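Here the numbering used here is used: the first residue of the sequence shown is 23, the next is one more, and so on.
Some hints here could point you the wrong way.
Using 20 Å as the maximum straight-line C-alpha spacing, the simulated SDA-like pairs for lysine to any residue come out as follows [unchecked claim]:
{"no.": "1", "residue 1": "K299", "residue 2": "D222"}
{"no.": "2", "residue 1": "K85", "residue 2": "S68"}
{"no.": "3", "residue 1": "K226", "residue 2": "A253"}
{"no.": "4", "residue 1": "K226", "residue 2": "R358"}
{"no.": "5", "residue 1": "K102", "residue 2": "Q120"}
{"no.": "6", "residue 1": "K130", "residue 2": "A402"}
{"no.": "7", "residue 1": "K226", "residue 2": "P298"}
Since the hints were derived computationally from the structure, they do not count as laboratory data.
The model shown is predicted, which means the values in this text are computed figures rather than measured ones.
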Amino acid sequence: MHISFLLHNAYAVGGTIRTTFNLAQVLAEDHDVEIMSVFRHCDEPSMTPPAGVRIGHLVDQRKDSPGYDGNHPDHSRPAKVFPAGDSRHYQYSRLTDQRIGTYLRDLKADVVVGTRPGLNVHIARQARRDTVRVGQEHLTLDGHRFRLRRELRFRYALLDAVTTVSEADARAYRNRLKLPGVRIEAMANSVPAASLPPSDSESKWVIAAGRLTPGKRYDLLISAFAQVAAARPDWRLRIYGAGVSTPRLRARIDELRLHNHVFLMGIADPLEAEWPKGSIAAATSDLEAFGMTIVEAMRCGLPVVSTDCPHGPREIIEDGVDGRLVPMGDADAVARALLDLIDDDELRARMGRAALANSARFDPGAIAARHAELYAELVARGTNSRSLSPLRDTLHRVPGKLIDEAFTLRRKVLSTLRKGRTA
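When you get a sec, could you build the whole thing from the sequences and use the hints?
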């Protein structure tokens with residue numbers, strides 16, 4: 023099969039880029055695979071590109087490049103196809119509308135795969151009718167703005183499949199969007215086996231990693247670790263990552279006088295080398311679409327103490343076997359779970375071995391095989407859009423602004439009817 027992935031920016035750093043690269047590299051062993059990046063801002067990808075996969079771009083943001091597009095007259099005009107409800111809308115323009123549309127109309131692939139809602143909408147509206155159209159969800163349906171969810175309900179009917187990174191989110195898509203004829207499948211992100219020996223469970227370090235943003239709740243972890251440090255002052259915490267919460271987290275560390283116990287390490291690349299230096303991993307988010315760092319830690323032999331937040335952790339961690347799930351927002355529960363593992367060397371080692379074994383199900387080979395099977399079934403079945411009437415196909419190409427107006431009118435009509443019934 024010829025498979026094309028449409029990616030926001032293959033030259034940046036991020037979880038969606040990493041998992042797309044992992045998937046593409048394995049698929050390329052048996053298929054013709056390419057990645058088309060909407061944007062290119064530097065000469066080489068910041069993350070190691072997948073072997074055997076072609077990478078192209080549509081809009082050149084390199085100011086010293088002969089193909090620089092920053093001065094194009096359509097670059098400053100707001101996008102019409104890319105939905106306004108997508109948080110990246112401010113980066114898209116009439117120029118991206120044109121470049122993505124031209125690429126999709128000219129693309130002679132068996133399968134085209136979008137990697138964020140706005141790009142999935144482009145695929146639904148602009149891809150060739152003889153190409154299987156797959157939209158990936160790397161966040162969650164509930165995590166999107168109401169305006170975007172409304173448009174996805176309208177546009178996604180022209181896709182052949184939607185894949186989510188958790189079964190919980192797949193259920194949300196099936197139950198709430200009501201997309202007859204569209205396959206909705208949960209496909210976890212993949213994480214390769216570590217190239218270094220796993221943790222020996224003997225070091226006295228707890229490791230956490232991710233973007234330092236409010237939703238990741240590292241403030242909660244730091245508060246919990248104050249209790250750990252008071253009970254077991256020989257244990258310490260390293261937090262890897264960067265983000266807007268850094269100053270507030272530093273202030274919290276100083277406030278709790280934990281400067282000898284909690285360390286903000288910044289970005290580590292590769293992070294894989296840091297996990298085995300610890301004996302326990304921690305994740306205290308309020309929301310995780312998947313939980314890539316949880317799997318990365320487990321693949322290095324660390325049991326993970328995680329909040330039981332929607333959606334990913336509970337589908338990764340088996341509580342009491344390879345990690346612990348604790349209530350969201352409860353620093354005391356996080357501290358107790360950490361201390362349980364700290365105080366019991368055999369328990370910590372046993373859970374670490376279980377984490378290493380159980381996380382093998384996220385190996386790129388196993389995950390890629392499921393994607394390849396889905397794509398082959400869809401190609402054999404034929405595209406969903408062939409079964410749509412010409413009128414319905416035309417309706418799905420109307421501007422997003424008209425969708426907003428139609429739903430606003432519908433809401434007003436329903437409100438008027440309800441008031442009439444209660445009068």
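Comparing the hints with the structure gives:
1. Simply put, K299 and D222 have alpha-carbon atoms about 9 Å apart, close enough for the 20 Å limit, and the pair holds.
2. At roughly 17 Å between alpha-carbon atoms, K85 and S68 fall within 20 Å of each other, so this suggested pair holds.
3. Straight-line distance between C-alpha atoms of K226 and A253 comes to about 13 Å, which keeps the hinted pair within the 20 Å bound.
4. For the hint linking K226 to R358, the alpha-carbon distance of about 16 Å falls within 20 Å, and the restraint holds.
5. At most 20 Å may separate the alpha-carbon atoms for a hinted pair to count; K102 and Q120 meet this at roughly 10 Å.
6. Of the supplied pair hints, the one linking K130 and A402 holds, its CA atoms being roughly 16 Å apart against a limit of 20 Å.
7. Of the supplied pair hints, the one linking K226 and P298 holds, its CA atoms being roughly 11 Å apart against a limit of 20 Å.
Every hint from the earlier list agrees with this structure, and none is contradicted.
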